[in-house]
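Trainee: Chains A and B are the protein sequences, given in the same order.
Following my numbering, the numbering of the first sequence begins with 116 at its first residue and continues without gaps.
Following my numbering, the numbering of the second sequence begins with 1275 at its first residue and continues without gaps.
What the hints contain is simulated information worked out from the structure, not anything from laboratory work.
Just so you know, not all the hints are guaranteed correct.
[Claimed, not checked] Mimicking DSBU-like on lysine-lysine, the simulated pairs with C-alpha atoms at most 30 Å apart in a straight line are: (1) LYS139(A) with LYS1392(B); (2) LYS193(A) with LYS283(A); (3) LYS189(A) with LYS202(A); (4) LYS1518(B) with LYS418(A); (5) LYS139(A) with LYS1445(B); (6) LYS1393(B) with LYS139(A); (7) LYS189(A) with LYS178(A); (8) LYS189(A) with LYS165(A); (9) LYS1551(B) with LYS1445(B); (10) LYS165(A) with LYS193(A); (11) LYS1551(B) with LYS341(A); (12) LYS178(A) with LYS193(A); (13) LYS1518(B) with LYS1354(B); (14) LYS140(A) with LYS1392(B); (15) LYS1393(B) with LYS1445(B); (16) LYS1445(B) with LYS341(A); (17) LYS341(A) with LYS1294(B); (18) LYS165(A) with LYS1392(B); (19) LYS202(A) with LYS165(A); (20) LYS1518(B) with LYS1348(B); (21) LYS1393(B) with LYS165(A); (22) LYS1445(B) with LYS1392(B); (23) LYS140(A) with LYS1445(B); (24) LYS140(A) with LYS1393(B); (25) LYS418(A) with LYS341(A); (26) LYS165(A) with LYS178(A); (27) LYS283(A) with LYS202(A); (28) LYS1518(B) with LYS283(A).
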Amino acid sequence: MNQTTAVPRLPLDSLPKRPPAKWKKYIWGYLFLLPAVAIFFTFLWMPIGKGIIFSFYHIDFVKGDSFVGWENYKRVFKDPEVMVSVKNTLYYMGLGIVIGFWVPILFAIAISEMRRLQGFARIAAYLPYVVPLVVLYGLWRWLYDPVGPINAVLSHIGFDTILFMTDKAWSMISIVIMETWQSFGSALLIYLAAILSIPRDWYEAAEIDGAGIWGRIRHITLPAIKTQVVLLFLLQLIATSQGFQTQYALLDGGPNNATLTYALLVVRYAFTRQDYGSASALGVLMFLVLGLLAVIQYRISNKEGA
Amino acid sequence: MKIIERGIISDYDLKRPGVKIAYGFMLLVILVMVCTMLYPLLVIFFNGLKLNAEVNSFPPTFLPSEIHFENYHKAWTYIKLPLFARNTLFIFAGNMFMTIVVVGFASFSLSRMNVPYKKAIQYFFLMTLFIPPTTYIIPNFVNLRDLGLMNTFWALWLPAGANAFFLLLLKSFFDGINIEMFESGRIDGASEPRLFFQIAFPLSVPIFATLAIFVFSSSWNDWYWPSLILSDNNHYPLATAIYKYVVNVRRLDTNIKFAILSMVTFPPVIVFLIFQKYIVRGLHLGGVKG
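Given the sequences, and given the hints that come with them, work out the whole structure.
Mentor: See below:
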């Protein structure tokens, strides 16, 4: 600061004290951030970085790692199971949309129309979400059994026995049905909250203007939950593209690799074949493909916006 | 005059026969849905009371013809349930502690403290949301091995602090707290940790409760990752133990299997039913999960 007056300011709180004061001002902010930065670095960024490095190495816990160049990538590209797993994953994602995605929307609209016992229906739908997954694996193995209750009902109506788990055509469908049953309640709560927050007089006004019930749903209810629909659609696609636990727990990728998803193949490479390098390479490929899709999606939505 | 609650369908519509039938059909569909939700859960419990022959009979029965409570006694002694339940609670407590201290501190700092380069630090955290789990599951495993954390609870506790989704939730909640409260606290000479524990934390109990639900359900549910990390059976959480010793075992009688499964099912279900009002509200506070 330029001082024009003759009287200099007394150095009471000037130079010597200033730097520590400024430093002190920020130290707590950084101290608060420090643990998180350390943890995020050690347990997220470091594995991610290491994954890229591992994909060029042969990992051996006993003899030590050795550099192999593009070997892992070449092996992965030659492996026919990779193509199978990609197809299965896309099939799984598609089935999730076809069988599962519309269920919570439909029930949310239906439940919102209930005049009584709405809370009961809502809790019942959410209940399976509270049950531990491992219990559901045990339960659904029994439900899907050739002599289990579902087949009992089917044979009662006059259908043939369906081998839900061991029939190649059915195994993935069975998994999607089970997962839909288990998790649609959580999506239902989100949709229901959005539907119930629509002002009632909008419907009143539409009705006076002569809109039918279907017209009211199409022009009021569905547009009102559009954001939730888009968001949950994307979240479901992301989640199913990474899915492998149910496939692993119920069928271990069988029968005859019919439920072998990409993520399950990655896990199999690592823990069955002990080939951590190739597993990392598969992981990196997944990241590249998803990153590319994200960029394309961003470009398209930007163009639409402009 | 009584205000009549209406939805998409008005009372006037409901007087029309076509709408009446469709409405009745809709209620029937909901009823069927409720039954398909409740039947499997009740059948877990009832199967645990049957004789093994009855569980495996075709067509399966719903209610047990004779009640055998001794199945539950056998189930209780089959594996060390209290030990595994204790491990699960232990993991939950550690994960929750990490969430409060690591994620809570960091989001408080980003939201309500004066830090240069805030944007860059925020990106450092949030970019991790874009990495697919498939990409880092294997390197993460190898990394934990390299760090020597295998077969310790630390391998579950420490990474629990690296959750960008929770960070985002907490930060947006802190953003909603009036900044003047902290300013006046600072003027009155409160230290920053004190601001966190005495102002921010008490005001954020609802969001921490929501996080507690998320953390609890993940530690109660997660079976795969712990089974990779923990090789010592005495460290298994409940879910992993159930998967390895109950679900995946063929020679165990099915009725005993179901008795064990119902013992792990009902505690969370009962807790949910008692607190469902608060839990559902809490889930809404968390916005869209995922």
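Trainee: Take the hints in turn and mark each one as holding or not.
Mentor: Going through the hints against the structure:
1. LYS139(A) with LYS1392(B): holds, 17 Å
2. LYS193(A) with LYS283(A): With a Cα-Cα distance of about 24 Å, the restraint between LYS193(A) and LYS283(A) holds, given a limit of 30 Å.
3. LYS189(A) with LYS202(A): holds, 19 Å
4. LYS1518(B) with LYS418(A): violated, 51 Å
5. LYS139(A) with LYS1445(B): holds, 23 Å
6. LYS1393(B) with LYS139(A): holds, 21 Å
7. LYS189(A) with LYS178(A): holds, 23 Å
8. LYS189(A) with LYS165(A): holds, 19 Å
9. LYS1551(B) with LYS1445(B): holds, 25 Å
10. LYS165(A) with LYS193(A): holds, 24 Å
11. LYS1551(B) with LYS341(A): holds, 26 Å
12. LYS178(A) with LYS193(A): Holds, at roughly 26 Å.
13. LYS1518(B) with LYS1354(B): holds, 13 Å
14. LYS140(A) with LYS1392(B): holds, 15 Å
15. LYS1393(B) with LYS1445(B): Status holds; Cα separation ~13 Å.
16. LYS1445(B) with LYS341(A): Holds, at roughly 26 Å.
17. LYS341(A) with LYS1294(B): Distance of about 28 Å is within 30 Å: holds.
18. LYS165(A) with LYS1392(B): holds, 26 Å
19. LYS202(A) with LYS165(A): Holds - the C-alpha atoms of LYS165(A) and LYS202(A) are around 28 Å apart, at most 30 Å.
20. LYS1518(B) with LYS1348(B): OK: LYS1518(B) and LYS1348(B) at ~18 Å, within 30 Å.
21. LYS1393(B) with LYS165(A): At roughly 25 Å apart (the allowed maximum being 30 Å), LYS165(A) and LYS1393(B) satisfy the hint.
22. LYS1445(B) with LYS1392(B): Cα-Cα ~13 Å, so holds.
23. LYS140(A) with LYS1445(B): holds, 21 Å
24. LYS140(A) with LYS1393(B): holds, 18 Å
25. LYS418(A) with LYS341(A): holds, 20 Å
26. LYS165(A) with LYS178(A): Satisfied, since the Cα-Cα distance of roughly 18 Å is no more than 30 Å.
27. LYS283(A) with LYS202(A): With Cα atoms ~14 Å apart, LYS283(A) and LYS202(A) stay inside 30 Å; holds.
28. LYS1518(B) with LYS283(A): Within the cut-off at roughly 25 Å; holds.
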